[in-house]
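A.B. asks: Sequence:
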Amino acid sequence: MNNTYPFVLEPLNYPYNALEPYLSAQTINVHFSLYLKAYVDKLNAELEQYPELQSWTLEQLIYNCSLLPSAAQESIKNNAGGVYNHYLYFDSMTTACKSQMNTELSVILKKQFGSVQRFQKLYIEAAVKSFGSTYIWLVLNPKGDLAILTTKNQDNPLSCGLHPILTLDMWEHAYLFDYLNKKRQYATSWFHLINWENVYQRYLHLNHSLRK
1 MNNTYPFVLE PLNYPYNALE PYLSAQTINV HFSLYLKAYV DKLNAELEQY
51 PELQSWTLEQ LIYNCSLLPS AAQESIKNNA GGVYNHYLYF DSMTTACKSQ
101 MNTELSVILK KQFGSVQRFQ KLYIEAAVKS FGSTYIWLVL NPKGDLAILT
151 TKNQDNPLSC GLHPILTLDM WEHAYLFDYL NKKRQYATSW FHLINWENVY
201 QRYLHLNHSL RK
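Counting from 1, one number per residue, gives the positions in the sequence shown under the UniProt record's numbering.
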């Protein structure tokens, strides 16, 4: 997407029904075209009033939120987070038939978490135990280590110096149509949809940047 103002809602890389049977076309349509669009529109409306911020990227708006005008700080932070978090969530998914982890990434996860299975178990448990509107992240810290992190509302790991690689949206609108209140079933099903190639490429890019 356009990474500075004005932000534009760009089409998904897959049709709304591409994630079935794990996530329905209705869920993806509503989540993307209503919820994400609302964050894009609200962020643009806020930034329209602050020309000095219109050259800032999403990452800069989130990372430097303490430098934002106090009158709009909370709104810009929340809406910039809403745009960033949703785009990473949608970019983290693909059709189930394409959700295959390569050997290199499996070795990385095994080194950090003991095994790919243990990583999946820890990630799902974090999702199940999360309370309220949250995101579950796989992040890279400045030392190059991976960790699982939970954030509230539209908060983003960038604001505390961590680099997002993967995220699961645990707001109710992400799963209520398809799973009601069954958070474990949603999180487990979501693992069939992860775009591991995108995850791996983000890891390589961020890890390379940290080593410079």
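Hints in this document: simulated from the structure, not taken from any laboratory.
Bear in mind that the values here come from a model prediction, so they are computed numbers and not experimental data.
Idealized CB from N, CA, C, for every residue including glycine.
Be careful, since some hints might not be right.
Unchecked claim - Using C-beta positions, here's what the derived DEER-type ranges look like: (1) K110 - E59: 23 to 31 Å; (2) Q54 - V107: 39 to 47 Å; (3) S209 - P11: 42 to 50 Å; (4) A72 - G132: 37 to 45 Å; (5) Y35 - T103: 15 to 23 Å; (6) A25 - S66: 34 to 42 Å.
A.B. asks: Output the numbers, in ascending order, of every earlier hint that fails for this structure.
C.D. replies: 3, 4, 5
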